[in-house]
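Letter by letter, the chains look like this.
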Amino acid sequence: MSSGVRRVGELLSYGFLGIVYLYILGPALIVVIGSVNSATSFPSPFESFTLRWYAQLLQHREFVRSMTVSVGVAAGAAGVATVLAGPAAFALVRGRFRLRDGIATFFVAPLVVPQIVLGLAMLQLLNVLRIPTTSAGLICVHAVFVLPFVLRAVMTSLIHFDRSLEEAAMSLGAGRLQTLRHVTLPLIRTGLAAGFVLAFIMSFVNVPLSLFLATPASTTLPVRVFAYMESRLDPLVAAVGAALVVVVFAASLFLERVLRLRLLV
Amino acid sequence: MGRGQTAPPGHPHAPGNGSSGLSAGLGPSRVSWGPLLLLGPGVLFLFVFMVAPLAITFVYSLQPNSLLPPDQATVGVGNYIYLAQRRVYVEAFARTLRLATFVVVGALLLGYPTALILRRLHARLGSTLILGLSFPILAGPLVVVLGWMLLLPRGGLVNAALVRLGLVAQPVQFIGTEVAVVIALVQFTLAFVVLNIFNSLMRIDPALGEAAGSLGADPLRTFRYVTWPLSLPGVFSGSLIAFTLAVSAFVAPHYLGGETLLVVTTLIAQFMFGTFSWELASTAAVLLVVITVIMIVAYNRIVGRLIERRFGLPE
Chain A
1 MSSGVRRVGE LLSYGFLGIV YLYILGPALI VVIGSVNSAT SFPSPFESFT LRWYAQLLQH
61 REFVRSMTVS VGVAAGAAGV ATVLAGPAAF ALVRGRFRLR DGIATFFVAP LVVPQIVLGL
121 AMLQLLNVLR IPTTSAGLIC VHAVFVLPFV LRAVMTSLIH FDRSLEEAAM SLGAGRLQTL
181 RHVTLPLIRT GLAAGFVLAF IMSFVNVPLS LFLATPASTT LPVRVFAYME SRLDPLVAAV
241 GAALVVVVFA ASLFLERVLR LRLLV
Chain B
1 MGRGQTAPPG HPHAPGNGSS GLSAGLGPSR VSWGPLLLLG PGVLFLFVFM VAPLAITFVY
61 SLQPNSLLPP DQATVGVGNY IYLAQRRVYV EAFARTLRLA TFVVVGALLL GYPTALILRR
121 LHARLGSTLI LGLSFPILAG PLVVVLGWML LLPRGGLVNA ALVRLGLVAQ PVQFIGTEVA
181 VVIALVQFTL AFVVLNIFNS LMRIDPALGE AAGSLGADPL RTFRYVTWPL SLPGVFSGSL
241 IAFTLAVSAF VAPHYLGGET LLVVTTLIAQ FMFGTFSWEL ASTAAVLLVV ITVIMIVAYN
301 RIVGRLIERR FGLPE
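In order, the protein sequence lines correspond to chains A and B.
Heads up: the first sequence is residues 1 to 265, going by the working numbering.
Heads up: the second sequence is residues 1 to 315, going by the working numbering.
For the record, the hints were derived by calculation from the structure and aren't laboratory data.
Errors might be hidden in some of the hints.
Coverage of chain B stretches by chain A, computed from C-beta distances (three or more under 8 Å per stretch; other residues unrestricted) [stated by the list, open to error]: (1) 86-94; (2) 123-134; (3) 149-160.
Backbone N, C-alpha and C define an ideal beta-carbon position, used for all residues, glycine too.
So here's chain A without its partners, still in its complex pose (with noise of 0.2 Å):
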C-alpha cells in the first residue's frame, strides 16, 4: 500500500476521533462559556468574559446550602463505601472460598438497580421505619450505590499487588498485624483514594438517587438544580455545572497523574 494512501487513512481517523471528542466534550465546553457570559438573557451569543455570576451564586443561599449538603453527603458515602470495600476487596482478591463468584456478584448488583429505583426504595423503608427522611438516609443509599466502584478500584490495586513483599516482610519477622499496616496497606493505598475519590464524584453529581429524598434541609446540589432547570434556565445554572466540571476535571487528572489511576479500567 502507497505512503499516501496511509497518509489519508491517518488524516481521515484523527478527523473522526476530533468529531468525537467534540461529541464528548463540546455540550460541557458550551456549559463553561455560558457560565462566564456577561450576556444576561440566556443562551446568548458570547459578549464579554465575567465571572458574576458565579458570585451571584456564592450569595444564592438555597444553592450554598445544597452546595454543603452535597459535599457531607458525597464525603459520607464514600466514606462509608471505602471502609465497607476495602475489606471485601481484601477478601474477593486473597479469598479461596465457597460463595466467592456469588458474593461479588453480589457486590456490584447496585449498579444494575436503576438508580430512581434505589432511591424510590430507600425511601420507602424510611418510610416503613417511621424515620424521618435526613442526611443519613442520602448517604446510605448513595453509599449503596458508590460501593462497586471503591470494590473494584481497591480490587485493581490488589491484584497487581506484589505479595512477594509482604512475604519478605513476613520472613524478617514482622507479625500479620505488623504486615498488613507497614506493607499492605501503604501498598493499597493508592486504591483505596483512587476510590473514595471516584466515589466521592459519582455520589456528588448524581440526580436520581436523591430526588426522592429530598427535604429542605437535605436538598443536594444536583436536585436543586434539576428543580430550577424545570422553571428557567439562566447563567446561575451554568454557573452551578461549569463548577461541577471544574472540580471533576480537577479530580480525575489528581486520579491519572497524581494516583495513576485509570479510571472505570
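Assemble chain B onto chain A, guided by the hints.
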C-alpha cells in the same frame, strides 16, 4: 464500571492465578473466618439498604393503588394489570427498550472505530484520551443535558452548523424528540463501549495480525477474520453496559424528551410527584428491575453460547 468486565470470557481475573502458597496472614488457608469478617459488614449493609428496601418496594407494588375506586382495591397483582391495560404506560416501556437499543447501536457505531484508532496511538496518549471519554460520566448527567439543551434548540449551534453545511434546509426540532435523548445517552455511554472494545483489542496478540499479513491477507481480511472475532467479547460486554445505563437514565429523557416522551424512569417520577401513587411507582420500578435483570441474564446466555460456537470454548 464495576461491570466493566462483565464476563469477558477467559479473562484471568479469577483469584488464585499465579501467586499461591504463602498467604500474608489474611488468606483463607489460615483463617477460615477471615472472609466472613471482611465481607460480612459490606454484605449486611447491602442487605439492609438495598435488598430490604427493594423488598418493601415489591410489597408496595402489591397494594391497591389510590387511583382505583374502593370496590376494586384488593391486594395482589392489580397494579401490574392496571399498567398493562393502559396504552401510555405500555408505550413508556416499549419506548424505554427502543431507545436503549438505539443507544447501543449508536454507541457501537461510534465506539468501535474510536477504539480501533485509540489502540494505534501511543499508550500514554491513549489512556489520557480514554479518560477524556469518561468525562460526561464524571461531570454527571446535569451538565451534559444542560449542554445539549443549549446546543440542540432551533436557534442552537447544532442547527446553525447543519444549515450552514447544507445538510438541512430548515432548523430541525430536536428537543422533545427521541433523537435528542439518544444523542445525549450515546454520549453518556460511549466511554464504556470504547473501553470494553479497547480492552479486548489490547488482549489480541499482535503476532496474529502479522501472521495473517505474512500469509497474504490484506488489512480488510485481517480485520474480518482476526481482529473482529477476537474483539467480540468487548463488543458484547460494552453493549450490555450501554443498555443497562440507557434503560435507567433519568435526567436526559426528562429534559430532552419531555413529558410526552415518557420512559419508565420518568414515569416513576411522574407517579411520585404527579399522581402521588407510591403503589404504581413501585410497580413500574419492580418491572424495570425485572426487565433489566432478564436482559442481563439472557444476554450473558446468548453471548456465552455464541462465543462457544465460534471458538469452540466453553466460557
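Consistency of the hints with the structure:
no. : hint    : in the structure
1   : 86-94   : violated (count 0)
2   : 123-134 : holds (count 8)
3   : 149-160 : holds (count 5)
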